Amino acid sequence: AKHLATNAQFEAFLKAEDGYENKEWWKGIRKERDTPQKASWQEANAPRERVSWFEAVAYCRWLSRRTRSAIHLPTEWEWQQAATGGDPTHNYPWPGGWEASRCNSLEIRLNRTTAVGVYPSGATQQGVLDMAGNLWEWCLNTYEAPWRPASLRIDKSKTQRVIRGGSWNDGPEDLCVSARFSYSAVYELGYVGFRLAQDLP
2 AKHLATNAQF EAFLKAEDGY ENKEWWKGIR KERDTPQKAS WQEANAPRER
52 VSWFEAVAYC RWLSRRTRSA IHLPTEWEWQ QAATGGDPTH NYPWPGGWEA
102 SRCNSLEIRL NRTTAVGVYP SGATQQGVLD MAGNLWEWCL NTYEAPWRPA
152 SLRIDKSKTQ RVIRGGSWND GPEDLCVSAR FSYSAVYELG YVGFRLAQDL
202 P
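Residue numbers (our numbering): 2 to 202.
Treat the hints loosely; a few may be bogus.
Claimed, not checked - Straight-line alpha carbon distances no greater than 20 Å define the calculated SDA-like cross-link-like pairs of lysine to any residue that follow: (1) K39 <-> A71; (2) K28 <-> A71; (3) K28 <-> R62.
Hints were generated in silico from the structure; no laboratory data involved.
Only a predicted model underlies this, so the values are computations on that prediction, with no experimental measurement involved.
Please model the entire structure based on the sequences and the hints provided.
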């Protein structure tokens with residue numbers, strides 16, 4: 002997706018009759034709460050944070066049904082391809098070195114998210130935005146042994162899932178495209194969101 006998933010997009014899932022409360026989207030995964038955490042910042046076009054990996058997976062399942070397409074969290078290698086445009090020499094989504102003006106990071110000192118798309122100069126060659134800064138992004142695979150097919154298994158375990166991209170609360174070393182970290186799939190944090198990927202028909 003060009004942008005991180007926004008509050009408005011996730012809110013549609015929360016309010017839909019067949020949305021968050023539908024047991025179908027939670028089959029085989031963990032639903033920790035009946036009511037999701039509220040976003041830290043409420044603007045409709047702000048990227049949605051305080052979403053667990055499980056909630057992001059449930060959202061993808063719901064949206065797949067709604068759009069009659071295959072939508073999922075990106076794998077770590079899909080994320081990497083999108084962030085670099087396939088150019089392994091890129092340290093950031095843009096050519097060259099670190100430039101603070103290209104993304105929402107700790108150096109900007111806003112201490113919060115910004116609306117998606119506010120930093121067009123930070124876009125990848127293909128026009129994908131906010132792949133550095135704003136929010137860390139959940140990836141589909143586990144942190145350990147990502148080369149194994151089992152790393153893509155969707156289950157109830159609280160295993161560590163990969164996050165990429167860095168956030169508003171991080172510096173240049175965490176925003177480079179090679180940086181990878183992880184959190185337990187149940188965590189709902191104010192600096193982690195998600196982006197969608199769609200399979201080609």
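Hints versus structure:
1. Distance check on the hinted pair: K39 and A71 sit about 27 Å apart at the alpha-carbon level, beyond 20 Å; violated.
2. The suggested pairing of K28 with A71 holds, with an alpha-carbon distance near 17 Å, which does not exceed 20 Å.
3. With a CA separation close to 10 Å, the supplied pair K28 and R62 stays within the 20 Å bound.
Comparing the model with each numbered hint stated earlier shows that hint 1 is the single one that does not hold.
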